[in-house]
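Got chain A sorted already, so can you dock chain B onto it with the hints?
Chain order of the listed sequences is A and B.
Counting in the working numbering, the first sequence runs from 1 upward without gaps.
Counting in the working numbering, the second sequence runs from 1 upward without gaps.
Don't read these hints as lab results, they were simulated from the structure.
Since no wrong hints were added, every one of them can be taken at face value.
Copies of the same chain look alike in the list, so a pair counts if it works inside one copy or between any two.
Here are the simulated lysine-lysine pairs, DSSO-like style, with alpha carbons at most 30 angstroms apart: (1) LYS520 - LYS596; (2) LYS515 - LYS102; (3) LYS463 - LYS485; (4) LYS596 - LYS608; (5) LYS351 - LYS292; (6) LYS433 - LYS257; (7) LYS284 - LYS351; (8) LYS422 - LYS292; (9) LYS520 - LYS102; (10) LYS253 - LYS492.
2 protein chains.
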Amino acid sequence: MFRTHTCGELRIENIGQQITLAGWVQTIRKFGAITFIDLRDRYGITQLLFGEELNKQLEENPLGREYVLQVNGIVNERSNKNKNIPTGDIEITVSSFTILNKSEVPPFTIQDDTDGGDDLRMKFRYLDLRRNAVKRNIELRYAVNRSARNYLHENNFIDIETPFLIKSTPEGARDFVVPSRMNEGEFYALPQSPQTFKQLLMVSGYDRYFQIVKCFRDEDLRADRQPEFTQIDCEMSFVEQEDILNMFEGLVKRIFKDVKGINYSDAVERITWEEAMWQYGNDKPDTRFGMKICNLVFDKNMFPSKENFFDAEMFDIPPFGGKGASVLAIAVPNCSEYTRKQIDELTEWVKRPQVGMKGLVFIKCNTDGTFKSSIDKFYTPEQLKAIAEAANTKAGDLILILAGAEERTRKAISELRLEMGKRLGLRNENEFKLLWVLDFPLFEYAEEENRWVARHHPFTSPKPSDIDTMINNSPVIENAAEYLKHPYANIKANAYDMVLNGNEIGGGSIRIYQKALQQKMFEALGMNEEEQQHKFGFLLGAFEYGAPPHGGIAFGFDRLCAILGGSESIRDFIAFPKNNSGRDVMLDAPSSIDEKQLNELQIKLDLK
Amino acid sequence: MFRTHTCGELRIENIGQQITLAGWVQTIRKFGAITFIDLRDRYGITQLLFGEELNKQLEENPLGREYVLQVNGIVNERSNKNKNIPTGDIEITVSSFTILNKSEVPPFTIQDDTDGGDDLRMKFRYLDLRRNAVKRNIELRYAVNRSARNYLHENNFIDIETPFLIKSTPEGARDFVVPSRMNEGEFYALPQSPQTFKQLLMVSGYDRYFQIVKCFRDEDLRADRQPEFTQIDCEMSFVEQEDILNMFEGLVKRIFKDVKGINYSDAVERITWEEAMWQYGNDKPDTRFGMKICNLVFDKNMFPSKENFFDAEMFDIPPFGGKGASVLAIAVPNCSEYTRKQIDELTEWVKRPQVGMKGLVFIKCNTDGTFKSSIDKFYTPEQLKAIAEAANTKAGDLILILAGAEERTRKAISELRLEMGKRLGLRNENEFKLLWVLDFPLFEYAEEENRWVARHHPFTSPKPSDIDTMINNSPVIENAAEYLKHPYANIKANAYDMVLNGNEIGGGSIRIYQKALQQKMFEALGMNEEEQQHKFGFLLGAFEYGAPPHGGIAFGFDRLCAILGGSESIRDFIAFPKNNSGRDVMLDAPSSIDEKQLNELQIKLDLK
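Only chain A is shown next, with the shape it has when bound in the complex (with noise of 0.2 angstroms):
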């Protein structure tokens, strides 16, 4: 060993010790005939003393910053304390030094604040991880790892590892493949999810299953996504959504406890898909605030059991686009006094190409009881007053409202309602608000082939009370214009989303386990016999042989990560992330290969 301690460890009460380190040198501040180096590793930073005797050895082998040195010498009480570091009562009078290895000058700091851009932190990632702020990330990674291991542990659930060559069977998103030489011709296929696999471990009675497992997906990469990423991946058998919210919301505050110290003891809340994008907008709702839609005008196709507060015809003047469009306000809080200028700023927001809208209309509710608005000319103050009542606001709110066709409409106003909550700090990094999503549609209208997708994957059960609406109706859609109206539009699914503090961090279902059910699921996607035996024959086998009611849910664990670590990126907690062309630019990945490896493979290039 190159050390009797680390570099974190050394007390007060090691005094007089004679101990030895090993680290990289933080920093070097020379005060006359003495020198003190800061010593880093792992787990902290010492500070040591070189004395006039070794100074003169220091220079004659000087020192740079991240060389790597061995010292040996003695603790001693710092006249100088240090209160904001574990060992800054202390520092080391060094009797000898080795140094282990040079370091040229680093491209960038070693800090909190670097001063290397996000390419060249990236290029040079084996540094940047050197960083104690990306060390946090990765250490508190390992924290949840571990954290979510051990309660699964404790609650029966066994790690059972399955295979990453497997078949091709896009759905959805695109494999990536993996030409095999031995079967000529023939491709494997890196798993989207061990979706499959861990069904077939519950026919096979395991009962409990987990995996902390990497997934491929090749899609566009957007921002922060990731090619790999990484799930926490569960199943159980004979269970109910209830069974299974439980555990799992019990999974989420362990790890809240374990890695944050915080005891989250509220009952998780729970809202319908339908009532989330209602009061939302969107499906993911950020509950630590409130603020929610107020819905004037809407589209009835879209919310089937929900009333308009107002005739459409109330809102038929230009500011919103004429009728017919859907109407949704939102109320914000003690904003009453936004000036003209904030108002225009806001207008501007919300007519970016990102949100999309034409315009926005707003009404002050003045603390004085009165109203001013964008809209006076159209309406008498009593409309006006009936409009703030109906967004349930109170004097000194600012109703901000958004009118056009309603899916866009809805999209802009849940994303202006997330834009003014974190205006106002609403959105606190440091307060963390879970909530279950539920009942789902089952389906998706896909215009482009006028057919239906599973939302959630093929695997998902429709809730009970639907399963005879499925059986009984060809899920052929013969007026496209009218899919709301196919009966399959509202079938609704036992799947369930977590969501935390506005993000999806993880998501599953009750699965379907009859052989019949789930061919009709597959013919409902438009899969034929012959490509549901092709594709999912094992599946449909293996439904044969006793398959039990079973369910599960898989997490983001990149994203709960990060959501943990109160950041937005996913990358900043992936030791070794790809950039948004999908290369690992300190590898340069992915690269040319040889000739000889195309010839064994039997493949060639065939660039457009």
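This is chain B only, laid out in the frame that chain A set:
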């Protein structure tokens, strides 16, 4: 929840309780008007009693093997107790039942002694996994995983995930490659191990890393090799070989304790590679028994430090194949009374192509002090006695002698030793004997290319005393016939293998951490500077910025589990293994993929 208890849970204390169970029908036994059913789940088996009333319902809804059944009932004491199962004291008097799912008759019986052949069981792996014999293995695998994680966690190791989509740097084994759609004409590779990443993590200061991780090698599969396999992969900084040996024999001992209840308190024996070859004829000797090799005559080039017992001339007789042959013996204890037939059978055994010897010479050391041998006519009794003494025999032993070219003969005598150990019952699968093999050669000679290849991998450091030899000599081999005289032939590596019962379960080394030495190593392996930069530029770069001394080890997780489970086959310990052609016969993977997928990847088939 479909149950209140599991099928392994109920005991005499539960008598009188109203319970609900769910599981699979293992057996159905009718006795007149009543029926007994054994219900099985992951946790055990519970006997169900269907009385007369329910029997009628059973007749209307007949059950079969592997049906999924839910029952309500009361726990009662059994009149006829079954001592073989933990639930054997009780049975459930069923009050109502629900068939949760039906089952076809399985293609083989779900029992320890199944009637299913290998192919059938692999095709229906989800049924095979139900068998207790397989379930035990999967559970043992998880227990090993859990034990290793706990030990490593307690010793400050941190699990850090390394990427799966990396750069192809074929060196030794072939990479599996993954065409990149977003970077046309380029490929990722799947990692053969996280070797360079864990070294980078040491450069980054993470100090103690581990991962239980899938690795991939596209090799021609021998029996019991898998294209994807799992390693317990570890690395430590600021350590010397001794630290690694201590830490990781601790790991294996902990696994013995947690998984097998074995207190392995002995120090782990150590042997150099040279002594292992000398004494056992291979580098992973089974030390559960002695029967060491007697090196009567051998090739001095292979063991320069050893002396021959006899002049080669002594064995220059036809049974030994003439002068210049190595003559190697083992003394098989207490077998001097082997019959002619037994000796003939052994002779046939060594002549099999897998062993490849021309014949077998024997000397019986009779209990009366006389000798009887197949070479009586060539030697005096005194000469036989001299051989017997050299071979360290005692009266009653049987000396078996093989002769021929050094390498082949040593391999053959090693196999003969293992075979005799097995026949004599000296290789008990419940006895566990660990061994460290140390001081491997750094290089191996590649005859076809007349150059050096890395015996372990190119990151293994030479022994400190051999560094100068390596730096100061050219790797070029001028005279291929005399490669053993090249200075590189004697360079020893800072490498170690852990051997358990004759199987290599782990291997590692202290790594090179100096850029110049790493470059010299690459050069020795025939890699020019451009190639070095292209393949390993990131590592050479990392070594410029303060790389610490470090080393590590990787355990073959599948193999370790198999040995602990008393099996020779790793496939039995993998949930979804591939067959010897790398196929998953359950999934029918690999398979052809759509033309559309090939187009998107800009590759095409090029079948020969």
